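Student: The residues making up each chain are set out below.
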Amino acid sequence: MSNYKVSIRYSSSLLENAINKKLLEVVTTDVELILQVFNSSKQLVSVMNSPVIKSQLKISIINEIFKNKINDETLNFLKFVVKKGRENFLVDILNKYLDLKDEHLGIINVEVRTAFAFDEDQSKTIKEKLGQKLNKQIRVNYSIDDTIIGGFIAKIGDTVYNASIKHQLELLKKKFLEGGINLN
Amino acid sequence: MAEVRPDEVSAILRKQLSGFESEADIYDVGTVLQVGDGIARVYGLSQVMMSELVEFPNDVFGMVLNLDEDSVGCVLFGESRLIKEGDTVKRTKRVASMPVGKEMLGRVITPLGVPIDGKGSITTDKFLPIERKALGVIQRAPVKEPLQTGIVAIDSMIPIGRGQRELIIGDRQTGKTAVAIDAIINQKHTHTEEAKALGINPVFCIYVAVGQKGSTVAQVVAKLEENGAMDYTTVISATATDPAPLQFIAPYSGATLGEYYRDNGKHALVVYDDLSKQAVAYRELSLLLRRPPGREAYPGDVFYLHSRLLERASKLSDDLGGGSLTALPIIETQQGDVSAYIPTNVISITDGQIYLESSLFNAGVRPAINVGISVSRVGGNAQIKAMKKVAGSLKLDLAQYRALEAFAKFGSDLDTHTQKTLAKGARLVELLKQGQYVPVQVEKQVVAIYLGTNGYLDNIDIADVKRYEKEVLEFIEMKYNQVFDAIKKEKQLSDASIELIKKAADEFAVVFK
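Protein sequence lines correspond, in order, to chains A and B.
In terms of our numbering, the first sequence opens at residue 4 and continues consecutively.
In terms of our numbering, the second sequence opens at residue 730 and continues consecutively.
Keep in mind that a hint or two might mislead.
[What the hints assert, rightly or not] Once the Cα atoms are required to be at most 30 Å apart in a straight line, the calculated DSS-like pairs of lysine-lysine come out as:
1. Lys1232(B) x Lys1162(B)
2. Lys995(B) x Lys1117(B)
3. Lys873(B) x Lys176(A)
4. Lys104(A) x Lys819(B)
5. Lys1218(B) x Lys177(A)
6. Lys178(A) x Lys848(B)
7. Lys1173(B) x Lys1153(B)
8. Lys862(B) x Lys813(B)
9. Lys1242(B) x Lys1149(B)
10. Lys1114(B) x Lys873(B)
11. Lys176(A) x Lys855(B)
12. Lys1173(B) x Lys136(A)
13. Lys132(A) x Lys822(B)
14. Lys139(A) x Lys819(B)
15. Lys744(B) x Lys177(A)
16. Lys132(A) x Lys819(B)
17. Lys822(B) x Lys169(A)
18. Lys176(A) x Lys744(B)
19. Lys1208(B) x Lys1138(B)
20. Lys176(A) x Lys813(B)
21. Lys819(B) x Lys177(A)
22. Lys177(A) x Lys848(B)
23. Lys1138(B) x Lys1242(B)
24. Lys169(A) x Lys744(B)
25. Lys1118(B) x Lys1199(B)
26. Lys178(A) x Lys831(B)
27. Lys925(B) x Lys127(A)
28. Lys942(B) x Lys925(B)
29. Lys45(A) x Lys813(B)
30. Lys819(B) x Lys178(A)
31. Lys819(B) x Lys169(A)
32. Lys176(A) x Lys819(B)
33. Lys925(B) x Lys744(B)
34. Lys177(A) x Lys822(B)
35. Lys1173(B) x Lys8(A)
36. Lys177(A) x Lys1242(B)
37. Lys178(A) x Lys822(B)
38. Lys130(A) x Lys819(B)
39. Lys855(B) x Lys831(B)
40. Lys942(B) x Lys848(B)
I should point out that these hints are in silico values taken from the structure, not numbers from a laboratory.
Computed from a predicted model, the values in this text were never measured in an experiment.
Turn these sequences into a full structure, and let the hints guide you.
Tutor: Quick look at the structure:
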């Protein structure tokens, strides 16, 4: 099975369980914490990925790190994943969980790239406009990329709203090459 | 000296650029996960359609062939080394399509419709998808008009009708392409005023070269130009250096261009040279896309690959304009093995086949058509009456000759009847020999076959048969041209014409030496 299928199966069961037990927020903060820990410790990732280390040992490691820091439900889920021998997909599973949770809550992630940092007013406007356009709740992640010269690029899922100066210049160049604009 | 002020220049520039609208552009994207061997696997592009064109960086285009759960498999129409992992892929929102129109005549293009003959860009007002569904039963009509190839052996015994699919099959170096090129050259006649007066509609031709050497394609184009056939022909070229995806779609673009003529009530002939190489290109793609291999490592849908292509050849009903698309697919066999996978498939799809044999070719019988095993399943209805009349006895005589051929070495030990049959057969075989690029008009074919089957050749030396044929036809053309005119106009061989032919042949026999 591809890791896509594995991660979606485990993450959707985690999400369903959290919703049923009304622990969505708790589990989500737990997942964010776990991901943070995994991101900060390379050793932990290699231990989890190692086929040599017995699952019993992995479970006790997880127990020691996360006990009393996260909800029992989440902890049990981690142990379950390890027991099933899918711990090498753990990061994928947790990331997928966050995506599925956003989908469940109707939140859409939008990545906005700008040449310069937006001030508060601008951020508010873009959030409002995009929210109106998509008719959904959105969460905006900003990043700065000065190669786009000006304007902004918003990416929602696979769709791109490109209003950057760089793109306009590219289009203009294309038009010149096609002879759409001629100087005679 | 006139003066141009810089601010004037910038004013003009500004004016010209004012047409350019700066709007936010909305498009869908994906990311390249993996690239290599002309295949790219792309993450994202969640709304993409099957066989949609997608745009990679550096002006490389690709076509979507696999829609998987977590990725999209694309084939690349350009160099895969121009694309890196992580590159952005854009949707174009149109399925792979090509420009069509009369502007394509006389041009050499790639399967995507880009000219490669250095004669400038082609502007047409119409785009059609490369993959189109074949017509249904209601839209079709039976094949009934002849498509003259100008090759005596074919037009008499293996006749091809407009809308038919006739396979040309044989080993390498047996003259498969030559047959097809002759058929294209012979369509020149259909574009003349004379043909118009006789009610013969013009046939536009498309030659699709798949996986051939660039030099071979250039040669074909030169030959077509030399014979004035490029005026009504388009050459679609995907040579051996082009990526496999282009070779795979080339026949489909040929069919699309042909369908443009057909749907406008015109007639088209498309030659696929050759489909074995297309199947090999498709096998390459399929294996790289990790589709499971089957017999001879071809994918499971290699039959559908050819059937959906050849099904597009058709004769339209009169309600739809009565246009037609005739297909002449070519298949190259290995050592005469017609029971290999691809040959059997295509044989079963087409409405008949023309077998070319290397043994005949080497024995000097050219075109090297084995008329014994070549068939045309529907063309008979399309033959003109005059040809039908003379071809019947030609077939019979040749069949008898073949049955007795093995005894030919006994020579004078045979009874006179057998000797006579053998002598006649040998002369008929000689009569069916024909040079390359010299198509014969149907009325002349009829007269030549009439003379051959009615014993006028029996007293001619075998070596002189071709000369006799040429001279007697010239003689009739000069003295009894009404015979040809009658066959052309009435499309049948009347008793009066027969009398004239007999008379002419007797007169000519006296002067021939």
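Student: Decide, hint by hint, whether the structure agrees.
Tutor: Results of checking the hints against the structure:
no. : hint                    : verdict
1   : Lys1232(B) x Lys1162(B) : holds (25 Å)
2   : Lys995(B) x Lys1117(B)  : holds (26 Å)
3   : Lys873(B) x Lys176(A)   : violated (54 Å)
4   : Lys104(A) x Lys819(B)   : holds (28 Å)
5   : Lys1218(B) x Lys177(A)  : violated (57 Å)
6   : Lys178(A) x Lys848(B)   : holds (22 Å)
7   : Lys1173(B) x Lys1153(B) : holds (20 Å)
8   : Lys862(B) x Lys813(B)   : violated (35 Å)
9   : Lys1242(B) x Lys1149(B) : holds (22 Å)
10  : Lys1114(B) x Lys873(B)  : holds (12 Å)
11  : Lys176(A) x Lys855(B)   : holds (25 Å)
12  : Lys1173(B) x Lys136(A)  : violated (74 Å)
13  : Lys132(A) x Lys822(B)   : holds (25 Å)
14  : Lys139(A) x Lys819(B)   : holds (25 Å)
15  : Lys744(B) x Lys177(A)   : holds (18 Å)
16  : Lys132(A) x Lys819(B)   : holds (24 Å)
17  : Lys822(B) x Lys169(A)   : holds (23 Å)
18  : Lys176(A) x Lys744(B)   : holds (17 Å)
19  : Lys1208(B) x Lys1138(B) : violated (41 Å)
20  : Lys176(A) x Lys813(B)   : holds (23 Å)
21  : Lys819(B) x Lys177(A)   : holds (16 Å)
22  : Lys177(A) x Lys848(B)   : holds (22 Å)
23  : Lys1138(B) x Lys1242(B) : holds (28 Å)
24  : Lys169(A) x Lys744(B)   : holds (22 Å)
25  : Lys1118(B) x Lys1199(B) : holds (22 Å)
26  : Lys178(A) x Lys831(B)   : holds (26 Å)
27  : Lys925(B) x Lys127(A)   : violated (73 Å)
28  : Lys942(B) x Lys925(B)   : violated (37 Å)
29  : Lys45(A) x Lys813(B)    : holds (28 Å)
30  : Lys819(B) x Lys178(A)   : holds (18 Å)
31  : Lys819(B) x Lys169(A)   : holds (16 Å)
32  : Lys176(A) x Lys819(B)   : holds (18 Å)
33  : Lys925(B) x Lys744(B)   : violated (52 Å)
34  : Lys177(A) x Lys822(B)   : holds (18 Å)
35  : Lys1173(B) x Lys8(A)    : violated (71 Å)
36  : Lys177(A) x Lys1242(B)  : violated (73 Å)
37  : Lys178(A) x Lys822(B)   : holds (19 Å)
38  : Lys130(A) x Lys819(B)   : holds (25 Å)
39  : Lys855(B) x Lys831(B)   : holds (10 Å)
40  : Lys942(B) x Lys848(B)   : holds (21 Å)
Of the numbered hints given earlier, the model fails hints 3, 5, 8, 12, 19, 27, 28, 33, 35 and 36; all others are met.
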